[in-house]
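Engineer: Chains A and B, in that order, give the protein sequences.
Using our numbering, the first residue of the first sequence is number 1, and each one after it goes up by one.
Using our numbering, the first residue of the second sequence is number 1, and each one after it goes up by one.
Treat the hints loosely; a few may be bogus.
[To be verified] Here are the simulated DSS-like pairs of lysine-lysine, each with C-alpha atoms no more than 25 Å apart in a straight line:
id	chain 1	residue 1	chain 2	residue 2
1	B	Lys-364	A	Lys-85
2	B	Lys-235	A	Lys-267
3	A	Lys-87	B	Lys-60
4	A	Lys-190	A	Lys-85
5	B	Lys-152	A	Lys-296
These aren't lab readings, by the way, just hints derived from the structure by calculation.
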Amino acid sequence: MSEIFNLLLLQNTLRTATPVVLCALGCLMTDQVGIMNIGVDGMMLMGAFFAVLGSYLFGSWLMGLVFAIVLGILLGLFYYAFSIKFKSDEFIIGVALNILAGGLTVFLLRTLFGVKGSFSGPGIVPLPTITIPWIQDIPILGPILSGNTLLVYVSWLLVLLCWLFLYKTPLGFHLRASGEAPEALRASGKSPERMKRLASVLCGILASVSGAHLSLGYLTMFSENMSASRGYVAVACVIFGGGNPPRVFMAALLFGFIDALGMRMQKYIPSDITSMAPYVVTVVMMVAVVLMRRRKQTATL
Amino acid sequence: MNTGFLQSVRTLVALKPKQKLTAQYLLSLVIAVALAFLVGAGIMLLCGYDPIACYTALFKGALGKPRAFGNTLAKAVTLCLTGLAMSLAAKAGIFNVGGEGQLYLGGLAAAVVGAGMNGAPAWLIVLCSLLAAMAAGGAYAWLPGVLKVKLKVNEVVTTILLNSAAIYFCSYMANGPLKTSERGIASGTASIAASAWFPPLIRLSNLTSGVFYAAVITLLVWYVMTRSTLGFEMKITGTNERFARYGGIRADRLAIWGMVLSGMICGVVGLIEVFGLHHRFLTTISSEFYFDGMLVAMIMRYQPVGVILMSFFFAILNIGSSAMELSAGISSEVMLIVQSVIIFFMAAEGGISDMLRQNAAARKVRRAARKAEKGAAA
Numbered sequence: 001m002s003e004i005f006n007l008l009l010l011q012n013t014l015r016t017a018t019p020v021v022l023c024a025l026g027c028l029m030t031d032q033v034g035i036m037n038i039g040v041d042g043m044m045l046m047g048a049f050f051a052v053l054g055s056y057l058f059g060s061w062l063m064g065l066v067f068a069i070v071l072g073i074l075l076g077l078f079y080y081a082f083s084i085k086f087k088s089d090e091f092i093i094g095v096a097l098n099i100l101a102g103g104l105t106v107f108l109l110r111t112l113f114g115v116k117g118s119f120s121g122p123g124i125v126p127l128p129t130i131t132i133p134w135i136q137d138i139p140i141l142g143p144i145l146s147g148n149t150l151l152v153y154v155s156w157l158l159v160l161l162c163w164l165f166l167y168k169t170p171l172g173f174h175l176r177a178s179g180e181a182p183e184a185l186r187a188s189g190k191s192p193e194r195m196k197r198l199a200s201v202l203c204g205i206l207a208s209v210s211g212a213h214l215s216l217g218y219l220t221m222f223s224e225n226m227s228a229s230r231g232y233v234a235v236a237c238v239i240f241g242g243g244n245p246p247r248v249f250m251a252a253l254l255f256g257f258i259d260a261l262g263m264r265m266q267k268y269i270p271s272d273i274t275s276m277a278p279y280v281v282t283v284v285m286m287v288a289v290v291l292m293r294r295r296k297q298t299a300t301l
Numbered sequence: 001m002n003t004g005f006l007q008s009v010r011t012l013v014a015l016k017p018k019q020k021l022t023a024q025y026l027l028s029l030v031i032a033v034a035l036a037f038l039v040g041a042g043i044m045l046l047c048g049y050d051p052i053a054c055y056t057a058l059f060k061g062a063l064g065k066p067r068a069f070g071n072t073l074a075k076a077v078t079l080c081l082t083g084l085a086m087s088l089a090a091k092a093g094i095f096n097v098g099g100e101g102q103l104y105l106g107g108l109a110a111a112v113v114g115a116g117m118n119g120a121p122a123w124l125i126v127l128c129s130l131l132a133a134m135a136a137g138g139a140y141a142w143l144p145g146v147l148k149v150k151l152k153v154n155e156v157v158t159t160i161l162l163n164s165a166a167i168y169f170c171s172y173m174a175n176g177p178l179k180t181s182e183r184g185i186a187s188g189t190a191s192i193a194a195s196a197w198f199p200p201l202i203r204l205s206n207l208t209s210g211v212f213y214a215a216v217i218t219l220l221v222w223y224v225m226t227r228s229t230l231g232f233e234m235k236i237t238g239t240n241e242r243f244a245r246y247g248g249i250r251a252d253r254l255a256i257w258g259m260v261l262s263g264m265i266c267g268v269v270g271l272i273e274v275f276g277l278h279h280r281f282l283t284t285i286s287s288e289f290y291f292d293g294m295l296v297a298m299i300m301r302y303q304p305v306g307v308i309l310m311s312f313f314f315a316i317l318n319i320g321s322s323a324m325e326l327s328a329g330i331s332s333e334v335m336l337i338v339q340s341v342i343i344f345f346m347a348a349e350g351g352i353s354d355m356l357r358q359n360a361a362a363r364k365v366r367r368a369a370r371k372a373e374k375g376a377a378a
């Protein structure tokens, strides 16, 4: 048992949860303006590819991150143009975006790097790991809190920032209003479309950066379809979280925990079963949340 | 329901043009396909390939030889069935994105039952496997359907997650408890008796007698959607849910039925793959077939006839793209990009044509104003 349940498990939980956390925060932004963006999975996949591309071309992780962010902005604008401006079905656009991501990344992988399946190599510079001088000496928490890659810390900070942004700033208030009461927002002289564009771009950046963490932080490679439905898990996390960034964060952590636990159980349980677990647990959690809410409602009645 | 009610419903249905494939929509489709091919040509040029040579190789590769044509037809059958599965659910007001998982489970169930009945007459094997595949696919679709209807759990997310779960589950079964003892099979179940295999209709091609089962299903779906009470209820619910509720149609029940039928069709697609091609369940039974079919359905606005026709076109792109890769050298994924461009344009069709119309109207107004000004000056 101690082989499975130890400190490393918690560390792995944080690492595997981070892409989902970042992506879920992105989803949360569009969720708040009333769009369910299931295209985040494709955005994550493209972000992962372009981060590797930037890192490889310039030999710098920073350029990898810049590539991912620029791509995220473009994808956000693209998503906005199609789903809001052209009034398309957001679900179709999301699915099409995911198909485009699958095709485009494989196409570029084979055309630019001439490889099939995955691309790794010494040319890719990974994101730096950060050790925090004082904290790393704390007996138990030290190894967990220190020595993670950059985006792990950024994701924690972003949970707080997103909460502050959405609930404590006028802009965040307008953003939420554009989803809940667009007419009221328009009446007060603000454009709901502009808020939706902002949310869409923020979502694109966060989803794309979550991909960068996947390919430059969690692993140092790009492989075909490496997002592995994590974007959809992120959408599920937003549904549990109900608009609350810390709660979304907890949901993503739970997913990361199951994922990390599964990887360490592979010695004892077939790997297919452990890979299945996070998806099944996510569905069970979605049901549990609804049942709990319902119970609470009947209790208050 | 009295006739007066039906009459008013018919007028209501007729009022909703978005559900139909209008001439304007079909024109847009032609333009979208042309634009998407241009985008594809641009990518080919950028990568240093000759677009004309590539596209020639594509169409030749899909239609040139009897064998290639058979493969294209087989692909079209898969796309058509999965597309109809999607349409059926969508028309019932629920999105089934989980067809891939239902297909895997249906294929596994068919393979297990088929292999377990060794020695039985062929028709009995096929019949029992068919029932097993439909039960497995239907049950796996029923679950998210019920969750959606009873608990309002978003079906898009659950079905997608259940896809991954089903694929891993089938992989576990094919590598573990149900693994065949035959040598040379990496991860698959035991083989089905050869008498029950669906024979190929064109030599060496993927086109098997499974196509007849597919034709029967297609006819049934078309009948259900356009001629039956269930289809009529679907139409009304899709047009105006509140009105349908007042008319005594239970949208809940309809959504669950749509989902289950959709899952059953996906299960049969799995069966056709198993009985026609692999003769056992393999973990590589499908590579996102359902998603391709889903897109065809979306582009054709869930209209059965449109789905059937569009399946052929997408099958040509799909089968042709690998031939294109072999002879012209360009990576076949370029056609995935072309396909997604078609989808983007068609999804945005309404919005873009509205915008163009508004611009044209604005221009007309401006021109008229200018004319009036000139007239006043003179």
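Engineer: Each hint: holds or not?
Structural biologist: Do the hints match the structure? See the list:
| no. | hint | in the structure |
| --- | --- | --- |
| 1 | B:Lys-364 / A:Lys-85 | 23 Å, holds |
| 2 | B:Lys-235 / A:Lys-267 | 52 Å, violated |
| 3 | A:Lys-87 / B:Lys-60 | 37 Å, violated |
| 4 | A:Lys-190 / A:Lys-85 | 17 Å, holds |
| 5 | B:Lys-152 / A:Lys-296 | 16 Å, holds |
Hint check: violations occur at hints 2 and 3; the rest are consistent with the structure.
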